[in-house]
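Visitor: Here is how the chains run, residue by residue.
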Amino acid sequence: MSDRIEVLKTYKTYVGGNFPRTESGRYYKVYDKDDNVLANACQCSRKDLRDAVVAAGDAQPGWNDRTAYNRGQILYRIAEMLETRKAQFIEELETIGYSNEEAEEEVNTSIDRLIYYAGWSDKYQQVFGTINPVASSHFNFSMPEPMGIVNIWAPEERPLLGLVSVMAPVIVGGNSCIILASEKYPLSAVSFAEVLNSSDVPGGVVNILTGYRDELLEHMTTHMDVNAFFYTDTTVDEEARKQIDENATLNLKRVIRKPIEDWLADDSQSPYFITDFQEIKTTWHPVGL
Amino acid sequence: MKISDFNQTVSIDQVGIEERVARLNSRSIKKESKVQALKLALSMVDLTTLAGMDTPGKVIQLCQKAKEPYAGLPQLPTVAAVCVYPNMVSVAEKALRGTDINIASVATAFPSGMSTLEAKLEETKKVVEDGADEVDMVISRGEFLKGNYSYVYDEIAAVKEACGDAHLKVILETGELQTYENVRKASDIAMHAGADFIKTSTGKVKPAATQPVTLVMLEAIRDYFYDTGRMVGMKPAGGIRKAKQAIQYLVIVKETLGTDWLTPDYFRFGASSLANDLLMQIVKQKTGVYQSADYFSND
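The listed protein sequences correspond, in order, to chains A and B.
No gaps in the numbering here: position 117 of the first sequence is 838 in this note's numbering, and each next residue is one more.
No gaps in the numbering here: position 207 of the second sequence is 210 in this note's numbering, and each next residue is one more.
So here's chain A without its partners, still in its complex pose (with noise of 0.2 Å):
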């Protein structure tokens, strides 16, 4: 059977649950370390990100309504199913150039990245919130609640784990997100959609876009109903840095930058990473006596 041809995958965008290709029909090239063609991704337009952030929209209440405890679960199915994809990922990350030793390691560090983020689900809660004394006979608390759909730049470098530690403190939280996979290599990003897709997490809770930071980032900073921004690459220049923050102003969106140079030392976990994307709120409940 040497004369067989190979099924190539085709790379297409995670929106909705679902992994439409791009609205615009357009598609770029993803190169491999010997700067061969390796596959062609989606070059997404703004109404991929439109349609994206519906569909955000409508998963994010029906999200953010379940336990803290079952957001936990899913998050662990997550790593459960990255576990056993293992192998692929491994060799995708070896096409762009890791060995196998380093990229064993940044799977397994974003497997347990996850398995970190799950255990917080229901305990960042206890952590932050607070009871406060109040001169009044009210029992008065403030809770984190999720500020709702968040828009990601993943990180350029460590395509899948750069991903998963953008991710899992802002899903876990609650809210639902739009993922701009890393411009050049896309391909771990859309692979980690077919394992979102087969752990419990609900279509529209996370939405993954491939294409260029130029070209989306005036939408992806000035959507009204889009209620954060978030990157981390230190290579962003000051005048877009200057455009994002300018954009989110719109509708005071929240602009979390964090430059983080080493994705796999600990420092780049932490639960502030949850709370950067949680607004409190407090209650004043009466009490007698």
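Note that these hints are calculated values from the structure, not bench results.
No experiment lies behind these values; they were computed from the predicted model shown.
Any given hint could turn out to be false.
To be verified - Selected chain A positions facing chain B (Cβ under 10 Å, derived; list incomplete):
hint: 1; residue: Arg771
hint: 2; residue: Asp946
hint: 3; residue: Asn968
Virtual Cβ for every residue (Gly too), placed ideally from N, Cα, C.
Using the hints, position chain B against chain A.
Guide: What follows is chain B alone, placed relative to chain A:
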């Protein structure tokens, strides 16, 4: 004027209708023409609230929205009418006095139509007396499906008479008529009996308005116009929520009946949430920024 024999059936090419709709839907309306279409669609909306939990407060809010759809864009057209239940007509009349916005009231035991003719006529006269400019009646689907076409015809004619100067819209409730042939037949009966508008649905039965059903009704209006020279209006209602759908309907109207029908006098959308989506798209076209329903009032 010759009245058709309603026992004859005009056969409808189902595949042809659906393919034509699909082809018309592939039209791309962009930029200035899109803005124009959005504004036209907004001016054709019958802003509707038909819920058992309606209160005078809610109707007044809705009338306010009809007068000023979006505070950020004061030069926008107002909607064509506000559509309410009979007991809310006087509330709406007071809230809309001095404006061009019409008051439409459903009548004749909406949505089922399961009442006596006397009660239906009385209800119709009452809403007109209270200030309704337009009456949305439902046909007796049970009688229609039994084949009792003369009953349906006589009933519509009687309600039309009770309307006096008010416009009569006849709701066929196409979701209960089962075939396109029945939709065509009900349209013909309604128009010959004196309807000023024919309307797809009450919004209480699924499926409500669909584009193929609308096309069948538009073709009935066209043929009736060729026969009699009288222009009858069309109102799809129920399930039209997105601006994109609304523009598709406008294309279907334009291609079936021509521009004469592209005015609020002859074409309406029965909808509640459509107005907000139209507004969001108009603001998007103006600012270039995708909008959020968070910043548009519900009523």
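Visitor: Next item in the hint list is Asn968 (chain A). Is there a CB on chain B closer than 10 Å to its CB?
Guide: This hint holds: Asn968 (chain A) lies near chain B, its Cβ roughly 9 Å from the closest one there, short of 10 Å.
Visitor: Does the interface hint hold: is Arg771 (chain A) within less than 10 Å of chain B, judged Cβ to Cβ?
Guide: holds (6 Å)
Visitor: Quick check on the hint: Asp946 (chain A) CB to chain B CB, less than 10 Å?
Guide: Status holds, d = 4 Å.
In the structure shown, no violation is registered for any of the earlier numbered hints.
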